Amino acid sequence: MTAIAQSTIPANSTWTADTVHSTVGFAVKHMLVSTFRGRFESYDATLTAAEDGTLRLTGSVAADSILVKDDNLAAHLRAPDFFDTERFPTVTFDSTLIRSEDGELIVDGTLTIKGTSRPIEARGTITDPAITLGDVEKLGLVLEAIVDRREYGLDWNAPLPKGGFALANEVKLTVELELARA
1 MTAIAQSTIP ANSTWTADTV HSTVGFAVKH MLVSTFRGRF ESYDATLTAA EDGTLRLTGS
61 VAADSILVKD DNLAAHLRAP DFFDTERFPT VTFDSTLIRS EDGELIVDGT LTIKGTSRPI
121 EARGTITDPA ITLGDVEKLG LVLEAIVDRR EYGLDWNAPL PKGGFALANE VKLTVELELA
181 RA
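Residue numbers (UniProt numbering): 1 to 182.
All the given hints hold, so there is nothing to weed out.
Straight-line C-alpha distance at most 30 Å; calculated DSS-like pairs for lysine-lysine:
{"hint": "1", "residue 1": "Lys29", "residue 2": "Lys69"}
{"hint": "2", "residue 1": "Lys172", "residue 2": "Lys29"}
{"hint": "3", "residue 1": "Lys172", "residue 2": "Lys162"}
Honestly, the hints are just simulated from the structure, not real lab data.
Computed from a prediction, not measured in an experiment: that's the story for all the values here.
All chains should be built: construct the whole structure from the sequences, respecting the hints.
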């Protein structure tokens, strides 16, 4: 891991997600014409800054906390066709390198879904720490990554009558975290 250039995050500090003011979600092209979005309601994330300034981001999501606008679809997403939440209750992320490049935050790490771990690169922004209401020190972290869902065993799809498929293979993962200093 390496430090973000000119990071103002104090060394030897730990930051935890304020889940009331954070979001972990996904978006996928649906029926060739629109983007379907969902999110997870139960998750945690921790950002730690070591003495040498290196940063590490870890997080986990309770896969069965998936929230979409249709209960039947939510049940299908929890089933073996997708997340198989009975056998694989947790989705995890662990960073291996956090760096800044041309003003953009880049987080490399390992994403594990359904027992399959694959390298992933997320890009986004991080804010400097600020003192907020109640004298709580917080910072913001926004990351996006594109994954091929099939690489994690999320293979279900349905052919459309005139060609194409119900779901795209590429899924955009979006994490917007408000992190409070522990």
